[in-house]
Structure formats: structure tokens, C-alpha cells
Amino acid sequence: MYEFKFSRPATVRQAANLLAKTEDAKLIAGGHTLVPVMKQRLARPAQLIDLSKVEGLDTIEMKGRSLVIGAMARHASVANSAIVKANIPSLANLASMIGDPAVRHMGTIGGSLANNDPTADYPAAVMALDATVVTNKRKLKPEEFFQGLFTTALAPDEIITRVQFPVPKKAAYIKFRNQASRYALVGVFVAKRPSEVRVAVTGAGGDGVFRVPQFEEALKKRFSPKSLDGLTVSADGLNSDLHGSAEYRAHLIGVIARRAVEAANA
Amino acid sequence: MAKVSITVNGTVHSANIDPRTLLVQFLRENLRLTGTHVGCDTSQCGACVVHVNGKAVKSCTTLTVMADGADVLTIEGLAADGAPLHPMQEAFRENHGLQCGFCTPGMIMTAVDLVNRKGHDLDDHTIREELEGNLCRCTGYHNIVKSIAAGAKAMAKPA
Ligand SMILES: Cc1cc2nc3c(=O)[nH]c(=O)nc-3n(C[C@H](O)[C@H](O)[C@H](O)COP(=O)(O)OP(=O)(O)OC[C@H]3O[C@@H](n4cnc5c(N)ncnc54)[C@H](O)[C@@H]3O)c2cc1C
Ligand code: FES
Ligand code: FES
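First to last, the protein sequences are chains A and B.
In terms of my numbering, the first sequence has 218 at position 218, counting the first letter as 1, and numbering is strictly consecutive.
In terms of my numbering, the second sequence has 112 at position 112, counting the first letter as 1, and numbering is strictly consecutive.
Extracted from the complex, chain A is given alone in its bound form (with noise of 0.2 Å):
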């Protein structure tokens, strides 16, 4: 790792205007992401700005039809929250599917957000439920908010504080793990949602989560699984490593969408 300066604001504002004022700073969530990438010496913040002590970016609550939930919120305390396990309970469900129980009690919503990684869960959730990404700065749709690959629309000195989720009537999440590091070699978070029904599709994207016109219009024609039948996944943009080529992982999404979607109805 590289030297770097360590600071722990108590405010928003405090942590933006660090943010803005100090030179390659990066702000440190649970950490999860950022620490293993700085001892591979693959990130060299100057100084990281700790949001562990800002006040009020944990909370999880209802306002109005919409679950929100803060940026530090960690992944256990969104799989443990009655709020959550009542409201939205497929989002509970996919955050006690990141990682282990260890790295549950550190990393939050926010970072993996920020961090855009192609196999993360959270996006998919925030695609599929249309959600909401509040910043000190703005809110973000997440056809903005997600710009690629390790990519997102946030400023340099801008802060996620909260995402808003619009409960919808059924969704559902399935991920299928890659079997060496247990992130989603193909994830599918499916909704159902007043006025539209959406496929969001994260691991398999070159670009990161996607999501599956196709399989949105038949299903809001009949929430069923038989509906996706005949209907296929194009490889063309699709990841092809050592776990899978782009053709298996076209295939998974027929196959994890049809589970999803069985899910949702049970």
C-alpha cells in the first residue's frame, strides 16, 4: 500500500468539502473494495475521507411508497432489517447473498454503488426497482447513474447518502455464483412494478448490469415464467473468461430469469 492521509468527518458537508479540497482523495466506506485494491497498489488516494462517523447515512425507513436506505447501511444490516425482510424482501434476500458474513458486516450500499464492479449485486436492484441514487449533490436514475464498466455518473467530489427504492408488487432476485469468488457469474433481479415490468441483468455485461427488453415486454404481457419461452439472450457484448463464455452466460440469463421470475410468483 502507499502512504496516504486518513480523515473521519462527522458531516456531509465536511466529507465533500475534504473531498473537493484535497488533491486524489477517495472516500472509504466499509472498505471492502477500496482496501484490497490498495494493497494490490492499484489505487493510490492521497488521502482517504472515512464515512463511518458521518451522522445518519445508516438508517433504513419508509417515506411514502419508497424504502430508503443510507450509504453506509452495511450489506448485513439490509439483509437483517424487518423493514427491508417487509417491504422489499428480495433486497434483503440479495444482500445476504454478498460475499460472507464477515464482509457483510463491512460493506455498505454505497460502496458497492460507487464502485460499479460488472458482478456486483446491488445493481441489479437498483436497475430492476428503478431506483433512486441521492447524492449530496442531485438524484440519479440509474439509466445515469450506471455509465460502464467500474463507471458511474458521480462527480469526483460527489457523495451517494441514500438510494430510494419504489416497493414494487413482486420481484425477486437469483444469482448464480461464480464458483471461486461467489460473485454473480449471471444475476437476475426481476420486478414487477405498477406500470412496467423489468429484467435487470448483472455478471454478464461487458458494461455492466443491462437490462432485458425482450423478456420485459412478454412478461408484462403474463407475469409467468412460460412466457420467456422461445425467447433468447444475444451472446454480442456478453463476458467470456475462464468461468464461462459469452454463449453459457447468454444462456444462464434465460434460465436465472425463468427462476426469477417462478420466484417472484411464489
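These are computed hints drawn from the structure, not numbers from a lab.
Keep in mind that the hints are not guaranteed to be accurate.
[Unchecked claim] Straight-line alpha carbon distances no greater than 30 Å define the calculated BS3-like cross-link-like pairs of lysine-lysine that follow:
| # | chain 1 | residue 1 | chain 2 | residue 2 |
| --- | --- | --- | --- | --- |
| 1 | A | Lys39 | A | Lys63 |
| 2 | A | Lys63 | A | Lys220 |
| 3 | A | Lys63 | A | Lys53 |
| 4 | A | Lys192 | A | Lys85 |
| 5 | A | Lys139 | A | Lys169 |
| 6 | A | Lys21 | B | Lys3 |
| 7 | A | Lys85 | A | Lys169 |
| 8 | A | Lys221 | A | Lys85 |
| 9 | A | Lys141 | A | Lys85 |
| 10 | B | Lys153 | A | Lys85 |
| 11 | A | Lys53 | B | Lys3 |
| 12 | A | Lys170 | A | Lys220 |
| 13 | A | Lys170 | B | Lys153 |
| 14 | B | Lys55 | A | Lys53 |
| 15 | A | Lys26 | B | Lys55 |
| 16 | A | Lys170 | A | Lys85 |
| 17 | A | Lys39 | A | Lys85 |
| 18 | A | Lys39 | A | Lys5 |
| 19 | B | Lys3 | A | Lys5 |
| 20 | A | Lys5 | B | Lys55 |
| 21 | A | Lys141 | A | Lys221 |
| 22 | A | Lys139 | A | Lys220 |
| 23 | A | Lys141 | A | Lys169 |
| 24 | A | Lys26 | A | Lys5 |
| 25 | A | Lys53 | A | Lys85 |
| 26 | A | Lys169 | A | Lys221 |
| 27 | A | Lys63 | A | Lys170 |
| 28 | A | Lys53 | B | Lys118 |
| 29 | B | Lys146 | A | Lys26 |
| 30 | B | Lys3 | A | Lys39 |
| 31 | B | Lys118 | A | Lys85 |
| 32 | A | Lys39 | B | Lys118 |
| 33 | B | Lys55 | A | Lys85 |
[To be verified] Sample of chain A residues lacking proximity to chain B, with all beta carbon distances greater than 12 Å (derived):
| # | residue |
| --- | --- |
| 34 | Leu48 |
| 35 | Ala76 |
| 36 | Gly99 |
| 37 | Arg138 |
| 38 | Lys139 |
| 39 | Glu158 |
| 40 | Ser245 |
Computed from a prediction, not measured in an experiment: that's the story for all the values here.
Built from N, CA and C at the ideal position, the CB exists for glycine as well.
For chain A, the structure is supplied; the task is to place chain B with the ligands on it using the hints.
Coordinates of chain B with the ligands only, in the frame set by chain A:
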């Protein structure tokens, strides 16, 4: 440098450290608590698991400065020197839950955290799922699972 004050196994330690110091380095090198091991150093194996404010975390992936002000429990803190072993340690001994013992401190700290969260009556499936982040190169896990089930039950009995 950064000032930290951390309670480890009940004793407050204040130090001036390089912010790069990983929690596991602080425990092993500054405090000489070498029961916490480094197996992989890449967040996979769980040999470095300790409790921070009552929760299992991988100390190779946590900066010491992130634990400033926290209460840390390591394998050395489970039972005092010379005192009888903690019920989970005793269960690993009884059930042949270790061979070389390298993974054992992390296994035991993970197991105690599991009992704290999920109680004393743990089925094999739950235990295996919860051991997702702990690797053992020797035992084949069977006896570790047995040890944890027995240790969980033993922890329910008044000491
Ligand atoms: C062994 C292991 C297994 C894992 N398995 C999975 C898995 O199965 N699925 C999965 O999805 N993830 C997995 N992860 C990743 C884990 O969920 C990470 O914790 C998460 O991706 C990053 O969250 P963090 O809070 O640790 O962020 P950090 O590492 O602290 O930060 C990550 C990045 O986000 C930025 N950032 C953090 N918070 C904010 C904010 N509020 N606003 C703006 N920028 C911010 C940081 O500057 C940094 O660039 C795994 C990690 C490990 C170590
Ligand atoms: S040494 Fe920390 S997880 Fe392996
Ligand atoms: S007993 Fe040797 S690694 Fe587990």
C-alpha cells in the same frame, strides 16, 4: 501518522500509527497478539477474523484507523491465560476440529459470531453456509462443522 485508541480484549491501547497499518498488523506486530493469522491477505480465507464491536470482520481488510475507538476481541481474549478454554475452543479440541490449526482462530471467532447471531441450535447446512468466508486446507470441514454445532450448544450452558 494517526492517533488511535482501541480496546483489545478489554485493555485500551493508544498508539500513533501509520494509517496504512492493517488491523491484523496492529494486533500481531504492535500488540504481539499472534493468534490472529494471515492466510491469504486477499480477504478470502478468514484466518484473520476478529470481532470489532461484537461483529466478525476480516482484519486483513480493515485499516486500524477504521477501528479507532472500537472494541476488538481476538482469539486470545476468549479465555484468560491458564483459565479453562472457551466452550467453542473446547469443542474444537474435543471434536478434532483442527489439524495444523492455522485456520482455527478465524474459524472459532467466526463460529462465536455465528452463535451470537443465530443462537445455539445450529444445523449443518446453516453452519456450512456461514463458513463461506473461512477456508481450511486440512480438515475437510466435517469436524469443524461438528465442533461448531457442539460448541454452540455448550455456549448455552452457564459457565
Ligand atoms: C471476499 C469478498 C467477497 C465479496 N463478494 C461480493 C459479492 O458476492 N457481491 C457483491 O456485490 N460484492 C461483493 N464484495 C464486495 C463488497 O460488497 C464491497 O464491500 C462493496 O462492493 C464495496 O463496498 P464498501 O462499503 O466496502 O466500499 P469501499 O471499499 O469503502 O469503497 C469502494 C469505492 O466506492 C467509493 N465510495 C464508497 N462509499 C461511497 C459513497 N457513499 N459515495 C460515493 N463513493 C463512495 C470509494 O471511494 C471507493 O472508490 C465482496 C468483497 C469481498 C472482500
Ligand atoms: S488473511 Fe484475511 S481473509 Fe485471509
Ligand atoms: S486445520 Fe490446517 S488449515 Fe484448517
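Hint-by-hint comparison with the structure:
no., hint, result
1, Lys39(A) to Lys63(A), "violated (39 Å)"
2, Lys63(A) to Lys220(A), "holds (27 Å)"
3, Lys63(A) to Lys53(A), "holds (24 Å)"
4, Lys192(A) to Lys85(A), "holds (17 Å)"
5, Lys139(A) to Lys169(A), "holds (23 Å)"
6, Lys21(A) to Lys3(B), "holds (23 Å)"
7, Lys85(A) to Lys169(A), "holds (14 Å)"
8, Lys221(A) to Lys85(A), "holds (28 Å)"
9, Lys141(A) to Lys85(A), "holds (23 Å)"
10, Lys153(B) to Lys85(A), "holds (28 Å)"
11, Lys53(A) to Lys3(B), "holds (16 Å)"
12, Lys170(A) to Lys220(A), "holds (12 Å)"
13, Lys170(A) to Lys153(B), "violated (39 Å)"
14, Lys55(B) to Lys53(A), "holds (17 Å)"
15, Lys26(A) to Lys55(B), "holds (26 Å)"
16, Lys170(A) to Lys85(A), "holds (13 Å)"
17, Lys39(A) to Lys85(A), "violated (36 Å)"
18, Lys39(A) to Lys5(A), "holds (15 Å)"
19, Lys3(B) to Lys5(A), "holds (12 Å)"
20, Lys5(A) to Lys55(B), "holds (26 Å)"
21, Lys141(A) to Lys221(A), "holds (25 Å)"
22, Lys139(A) to Lys220(A), "holds (27 Å)"
23, Lys141(A) to Lys169(A), "holds (20 Å)"
24, Lys26(A) to Lys5(A), "holds (10 Å)"
25, Lys53(A) to Lys85(A), "holds (26 Å)"
26, Lys169(A) to Lys221(A), "holds (15 Å)"
27, Lys63(A) to Lys170(A), "holds (19 Å)"
28, Lys53(A) to Lys118(B), "holds (28 Å)"
29, Lys146(B) to Lys26(A), "violated (44 Å)"
30, Lys3(B) to Lys39(A), "holds (21 Å)"
31, Lys118(B) to Lys85(A), "holds (17 Å)"
32, Lys39(A) to Lys118(B), "violated (33 Å)"
33, Lys55(B) to Lys85(A), "holds (21 Å)"
34, Leu48, "violated (7 Å)"
35, Ala76, "violated (8 Å)"
36, Gly99, "violated (7 Å)"
37, Arg138, "holds (29 Å)"
38, Lys139, "holds (29 Å)"
39, Glu158, "holds (22 Å)"
40, Ser245, "holds (25 Å)"
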